[in-house]
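We have chain A; now place chain B onto it with these hints.
Protein chains: 2
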Amino acid sequence: MRILSSLISSSASFGHKFLSRFTLRSLNAASLRSQAPPSAASTRHSTQMDASEESLRKALADKQSAVEAQGIAVRQLKEAGASKPEIDAAVEALNDLKVVKSAIENRLQAVVVGNDGGAAGREAFRQAVVNTLERRLFYIPSFKIYRGVAGLYDYGPPGCAVKSNVLAFWRQHFVLEENMLEVDCPCVTPEVVLKASGHVDKFTDLMVKDEKTGTCYRADHLLKDFCNEKLQKDLSLSAEKAAELKHILAVLDDLSAEELGAKIKEYGITAPDTKNPLSDPYPFNLMFQTSIGPSGLSPGYMRPETAQGIFVNFRDLYYYNGNKLPFAAAQIGQAFRNEISPRQGLLRVREFTLAEIEHFVDPEDKSHPKYSEVVDLEFLMFPREEQMSGQSAKRIHLGEAVSTGIVNNQTLGYFIGRVYLFLTRLGIDKNRLRFRQHLANEMAHYAADCWDAEIECSYGWIECVGIADRSAYDLRAHSDKSGVPLVAQEKFSEPREVEKLVIAPVKKELGLAFKGNQKMVVEALEAMNEEEAMGMKDALASKGEVDFYICTLGKNVVIKKNMVSISKEKKKEHQRVFTPSVIEPSFGIGRIIYCLYEHSFYMRSSKAGDEQLNVFRFPPLMAPIKCTVFPLVQNQQYEEVAKHISKSLTAAGISHKIDITGTSIGKRYARTDELGVPFAITVDSTSSVTIRERDSKDQIRVTVEEAASVVKSVTDGQRTWDDVWSSFPHHSSGPTE
Amino acid sequence: MRILSSLISSSASFGHKFLSRFTLRSLNAASLRSQAPPSAASTRHSTQMDASEESLRKALADKQSAVEAQGIAVRQLKEAGASKPEIDAAVEALNDLKVVKSAIENRLQAVVVGNDGGAAGREAFRQAVVNTLERRLFYIPSFKIYRGVAGLYDYGPPGCAVKSNVLAFWRQHFVLEENMLEVDCPCVTPEVVLKASGHVDKFTDLMVKDEKTGTCYRADHLLKDFCNEKLQKDLSLSAEKAAELKHILAVLDDLSAEELGAKIKEYGITAPDTKNPLSDPYPFNLMFQTSIGPSGLSPGYMRPETAQGIFVNFRDLYYYNGNKLPFAAAQIGQAFRNEISPRQGLLRVREFTLAEIEHFVDPEDKSHPKYSEVVDLEFLMFPREEQMSGQSAKRIHLGEAVSTGIVNNQTLGYFIGRVYLFLTRLGIDKNRLRFRQHLANEMAHYAADCWDAEIECSYGWIECVGIADRSAYDLRAHSDKSGVPLVAQEKFSEPREVEKLVIAPVKKELGLAFKGNQKMVVEALEAMNEEEAMGMKDALASKGEVDFYICTLGKNVVIKKNMVSISKEKKKEHQRVFTPSVIEPSFGIGRIIYCLYEHSFYMRSSKAGDEQLNVFRFPPLMAPIKCTVFPLVQNQQYEEVAKHISKSLTAAGISHKIDITGTSIGKRYARTDELGVPFAITVDSTSSVTIRERDSKDQIRVTVEEAASVVKSVTDGQRTWDDVWSSFPHHSSGPTE
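So the protein sequences, as listed, match chains A and B. Using UniProt numbering, read the first sequence as starting at 1 and increasing by one per residue. Using UniProt numbering, read the second sequence as starting at 1 and increasing by one per residue.
Same shape as in the complex, but just chain A (with noise of 0.2 Å):
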């Protein structure tokens, strides 16, 4: 986006909308946003309303006119006088009218929370997930003795385990497969490489004070707060007015400041806290702001995406790869965001991990060498096409995506491929994962095509992984800043000949006929594209002279045919340099653990009945810690069993835990499934032990020494807990459970 359209259009109305794309290519940068864009699949309010909300809502209107109108017709009777039986007619027929508007507020209410998709159930579903993530330590509100601080989490002991492994797994799926070239950047950075890349000047969101307190809102917020409470709770809302406000969530992310300003001062919006006025929405940039070294004269930024640090290093990386594309660089690494008032718990944080991949590639050969290996694969997909047309995500076979056009590039079509693989590997249920391509407004101008991947969970679909084509952008923005060419060489075998466009004003001419006004002419001459000075030539040729707009002088001037030589010559050239593409998937890693955590939950009843216990699911490779240790009964002999094959799963990296402290085998049990432990090793002998899947709850027996080897194999991934069941004989649960 950034530069080019800033430079095209300034005005402040079109500012924010260069914003909400810059946004936008900040989430694709694997940001924390997660507002779904307008499309009437995504959004809880479409700018359509249902036909029986509609209908209700004029009839209530109407209810409520004659309401309205039979209680005056009462009060008129009354003071004209009436006779008792006349009023009490009139009074019965209020009554009437009465109870038909309450029956019609009661369909409307039941429509509108209808509508609202059973947030009740979803608010206690999250509520039962958090609370035991919480109570297990898998996060921690930061700095907690200190009260806290808005938007900053720490990950307890389970959580880090889980990050680790999606870290890890990360790391072998691309980093690994792909001989991709990890890197490591700071996260303080200098103003100059975040001006260049857009982030100084456009990394804002509108921001509004209380006026007499001075707090800080989010202007969007504000609005749409007010536009959802209204069409919940106001169910006098005429039909009109609830589509006008349906419309403006609808078109949220695309108001200009001004636009938000004069909707927030029409409604009379006020501090949500203090009931004050508000000021105007003014923009406010959400990177945490430094200063390097002690002079104060540094200003430096703490980054907001790890994608920077890869293409201000382009250069070297080309030439450590034997100046060869395609290739690709990753890095993973701390970004921060200052929000103006966090909110979405675990989704919408300061500070967060992002795992970010730079494909770089020659934009006229977009293949990719492993194509194929994705080809086949089907899975949700929610083209541009139906988003518009208000269908829903359907499965779409991903090589006719590629081969129809839908999807842009076989590299991007690959990456789209592997991030599914990823995501369901790591346990993402992949009815809930769908890939939404960008809508044109959505885009930033010079993107080729982007793809989200979304995540269902309790919040409604969350972008989790933004893969986006980026064409030459960051690359050329940070040779234009630096001066330092980041290009790419493609070397002919043979010289080729090739045919060069040369546009030569006359100086001297131009100079005796525009004057000051020269340089501004001749600029203009040589900026024409191959089919503008083609043209020229030929007018000039037929005419003598020609009409010639000046944008920078803002009038046409008369360019005579002895101002300027336009032809083209054939060259022969060795090499052609490029400025490559970049094709960047990008990744929130909280997120995706955030989901993976909903996904994976599940309660179920205690063996008595009397209770439910929470579960996690996570398959072994992702689990925080993937065995427990228990001897049957407190025993001298039985816990020398589990301390022996404690050292043997230390000494096979398998992280686990032993516990000897007697408590009965259900709670212990209970506690693991609660964490996510995948197996539990009971030592009921001393020469075979019991192993225990968690979600089956079937119990293999195993000798003392195959034990450890045998979770290795199956945490590893070399084996399926099928494989094992089938070959070691079963153990019924009799005193274990």
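Hints listed in this document are in silico derivations from the structure and should not be mistaken for laboratory results. Just so it is clear, the structure is predicted and the values come from calculations on it, not from any experiment. A hint or two may mislead.
Any copy will do: because identical chains look the same in the list, a pair fits if it lies in one copy or spans two.
Stated by the list, open to error - Here are the simulated lysine-lysine pairs, DSS-like style, with alpha carbons at most 25 Å apart:
hint, residue 1, residue 2
1, K712, K647
2, K212, K324
3, K195, K144
4, K144, K481
5, K370, K647
6, K224, K265
Leaving out everything else, chain B in the frame of chain A:
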């Protein structure tokens, strides 16, 4: 240190003392400060000069005087019109003196350079290492295309892989082996946390500014450079002056701002770049400051260490561990220090990765259950005693160091042993690794004992790991500031009878006697320790009244018998509540990696003998790339075999490089030796291949199917190369090298 010390003595001249201690604590907390503390053996310029240097300086001064005197004599003879033979004789005597002086100068120069321990050789070695590291992208100066930022470096692809390997091994060796609770907290930290820890007030270095340009310098660096330069280049320096400068170098870290400023003035030190006068030294806080949220009212900092994130979570972690001690928590993450003027390349940087352990333990029982596993280790230790008496580090049996009290306690000893194993298994040369105990004046007042793992490299002995018993300091500081008790309980199996001191001031009497000062007197009485209180009780019993100093009033008051009752009461207690001690091993990962590079680097002749080739002898576990696969000649069949092996390696999780460019085998080996790749598979048939080991250049022959698993077993550490070498047929290095 911090809070308490600064309360006790807040005078400015002590301020820097505590700063200095603070800085050293920070070091322990894995900081990146490397100046060896003042000790005869570790400081380049000891306060004692060599006898030879001293006598040479004296002889030189004598000769200089003699030369001057003789010069004057010659001039006087000439002026007085003396005879030619007379003048010639005097001139000859002068020349003789000059020759002798010059000889003494040369000898002195040699001694001074000799004291420097072969600085030139070390510098050349470092250049060779650093050139290789930078050329092969082990690291890259960050934001290089924008001319970089001092003290910020990227890990390029091989560096990033080495770092990953070090961290994975750290997790295996510490977290997994000890069942530590790993957490992951944000870098952005609110002010209150770092106020409690003391960093906001005390985490400073002394800075001076060029009074005209405003350029900033570290005050101690300028004084150090001045002294070193004088000592090395000014041969006319008197022995006394040289001793003075050496003394300053020795006590540099202990100088106050005033003392530093006075020396800078005395020596006339000016700004190195402009020769402008300098400001007085003043403290500069080394934390990167920022602002959390949009209001600008919540200051925050980028954390200078990861430890605080663990301390503030103590209560939750203790609960997670079943309310049991001891347990350890660990954290790996970025830390930030806004150095005034970073030097020493990769050793002193502004952003770096720390790995920290906080092992919480009952202060009354610092035994460690796994102590027996390290008790018999023997390695270089450098106790306080040896440093003070000018001896050098020596091999000590760890168990003996603990049992004789050289090392304060078992747990501290255990971690020293584990750190030794960690570093040597990583590839650090055990002969260039020592554990140096902090001198009394280096340690914070609350610390029980501190040892630094120092690794010798071209910069000298570099502190890479700090292992400190910090007693209860950190938990108490956060308890006090937050009001949340960070304590542990020991439940007694049976209630215990304890004697408790009870001080009961009689407020009515005190109010009558002291009016408005009553509160201060009450507080002072209640604050007495047992000894003071029992002394007062006896005095009151015998004399009826006693003088009592109230520090908050700054004067004595008279306390009478009726004003306070002091007694000891017996109570039954069911538990003991106490603040745990913390033992903190803290690892500067970047420094360890840099030292590993130096210890792994060597040069050897090419086969033709015409070139010096660089090699990194990384252990397989640490090598950035484990293996390369080359077809011996370009040939489609061999290429297919190479690709097949490559796939098996990927599946086994072995990072490798496949090279089918057809470059000569010798060149390929040279390239990969320089990256420290330990194994190379050369495909010279379709059924079997050779595997070559980097350092020995030995080759074995294995079947195509075995290749990946053999490499995996050696890089995983399941087998050694010797083991493999004795199990497979050898291959003579005919065609392949």
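Now the hints, each set against the structure:
In this homomeric assembly, K712 and K647 come within 25 Å of each other (Cα to Cα) both inside a single copy, at 13 Å, and across copies, at 22 Å. Taking identical chains as interchangeable, the C-alpha atoms of K212 and K324 are never at most 25 Å apart, the minima being 60 Å within one chain and 50 Å between chains. Taking CA atoms no more than 25 Å apart as the test, K195 paired with K144 passes between copies only; the shortest distance there is 16 Å, against 35 Å inside one copy. When the C-alpha separation of K144 and K481 is checked against a cutoff of 25 Å, the pair qualifies only between copies, where the shortest distance is 13 Å, while the shortest distance within a copy is 43 Å.
Taking the shortest Cα distances, K370 and K647 sit within 25 Å of each other only across copies (13 Å), while inside one copy they are farther apart (42 Å). When the C-alpha separation of K224 and K265 is checked against a cutoff of 25 Å, the pair qualifies only within one copy, where the shortest distance is 14 Å, while the shortest distance between copies is 64 Å.
In this structure, only the earlier hint numbered 2 is contradicted, and the remaining ones agree with it.
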